[in-house]
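Which chain is which? The protein sequence lines are A and B, in order.
Residues in the first sequence are numbered consecutively from 1, following our numbering.
Residues in the second sequence are numbered consecutively from 104, following our numbering.
Any given hint might turn out to be false.
Label pairs and their calculated CB-CB ranges [said to hold, decoys possible]:
id, chain 1, residue 1, chain 2, residue 2, range
1, B, Val123, A, Glu74, 42 to 50 Å
2, A, Arg90, B, Trp217, 14 to 22 Å
3, B, Val260, A, Arg90, 43 to 51 Å
4, B, Ala109, A, Glu95, 36 to 44 Å
5, B, Trp195, A, Leu57, 27 to 35 Å
6, B, Leu256, A, Leu100, 23 to 31 Å
7, B, Ala115, A, Gly52, 22 to 30 Å
8, A, Glu74, B, Met243, 20 to 28 Å
9, B, Glu232, A, Val96, 49 to 57 Å
To be clear about the criterion: a stretch of chain B counts as covered by chain A if any three or more of its residues have a C-beta under 8 Å from a C-beta of chain A, and this derived list gives those stretches [stated by the list, open to error]:
id, stretch
10, 143-155
11, 202-211
12, 229-243
13, 247-253
For the record, the hints were derived by calculation from the structure and aren't laboratory data.
Every value quoted in this text rests on a predicted model; they were computed, and no experiment measured them.
Backbone N, C-alpha and C fix where the C-beta goes; we use that ideal spot for every residue, glycine too.
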Amino acid sequence: MTLHHYLILAALLFCIGLMGAFTRRNAIVVLFSVEIMLNAANLNLIAFWRYGDNPALQHGPLFTLFAIAVAAAEVAVGLALVIAVYRHFRSVDLEVMDTLKEE
Amino acid sequence: MSEQIAFWILSAIAVLGALVAVRKRNLIHGVFALMIFFAALSGLFLLLLAEFIAAVQILVYIGAVGILLLFAIMLTERVAGDDGRRMTSRGWFWGLVVAAAVFVVLLLPAIQQWPTPEVTQAPDPSVEELGHKLMNPYVMTLEVLALLLTAALIGAVTAAQGIRKPKEEGSPE
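Only chain A is shown next, with the shape it has when bound in the complex (with noise of 0.2 Å):
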């Protein structure tokens, strides 16, 4: 196994992320597509350390190890929005919420 192996699988999960959250309607998918997104990019990560320079340096499992911790807190306050817009519009469909858009 090569490092474009893991380069090629990551971006096609990225993508597979990407696809979900522009394609879907509802919140939550949008909100676990960049979850899809925001592990592709882990693996990156973690594929550029084993493969990288300097392995000892752990550099590579601290950085998605913070990412890890952020990428939770996201999807905890994300999940706390949803709730909250569901709420108030009785729906968590994406093309509900356009009260930003009428004049």
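Start from chain A and add chain B according to the hints.
The following block gives chain B in isolation, referenced to the frame of chain A:
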């Protein structure tokens, strides 16, 4: 050889899991596919000799994020998604085109230098060095992260609670 077989199996599971999670109409099924995706990614981290990250991936993503998503789905509407409404947003076609274009652009640098130099030293997979690094140069980052998690916790509770109605003073019991 066995590493290659494991890589192909795990990456197939990851891609399929992500696709199902993104395209499934029933949200509960989608979250379970997402958990399979997280598990496959954890296996890939193990293949890359990042043991601790693999464990954290299972604990945080499958254990916490997955359950949180399930709760959020059950607290909102249309769990089964079987009401025949459109699943995709307006302009989904252009979203698809942009995603494919981004994929090609991400692929270009990898293809241009295909014959890659074969590597080299395998990293030490033990967690000990990671712990030392977290304590010695990165302790400040760790503390800031703890602060961020606390702030996110309070923020999530406040946002989900909604606007509290002002309490009437001296209301009859």
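Status of the hints after comparison with the structure:
no., hint, in the structure
1, B:Val123 - A:Glu74: 42 to 50 Å, "violated (23 Å)"
2, A:Arg90 - B:Trp217: 14 to 22 Å, "violated (53 Å)"
3, B:Val260 - A:Arg90: 43 to 51 Å, "violated (22 Å)"
4, B:Ala109 - A:Glu95: 36 to 44 Å, "holds (42 Å)"
5, B:Trp195 - A:Leu57: 27 to 35 Å, "violated (43 Å)"
6, B:Leu256 - A:Leu100: 23 to 31 Å, "holds (28 Å)"
7, B:Ala115 - A:Gly52: 22 to 30 Å, "holds (26 Å)"
8, A:Glu74 - B:Met243: 20 to 28 Å, "holds (21 Å)"
9, B:Glu232 - A:Val96: 49 to 57 Å, "holds (50 Å)"
10, 143-155, "holds (count 8)"
11, 202-211, "holds (count 6)"
12, 229-243, "holds (count 5)"
13, 247-253, "holds (count 3)"
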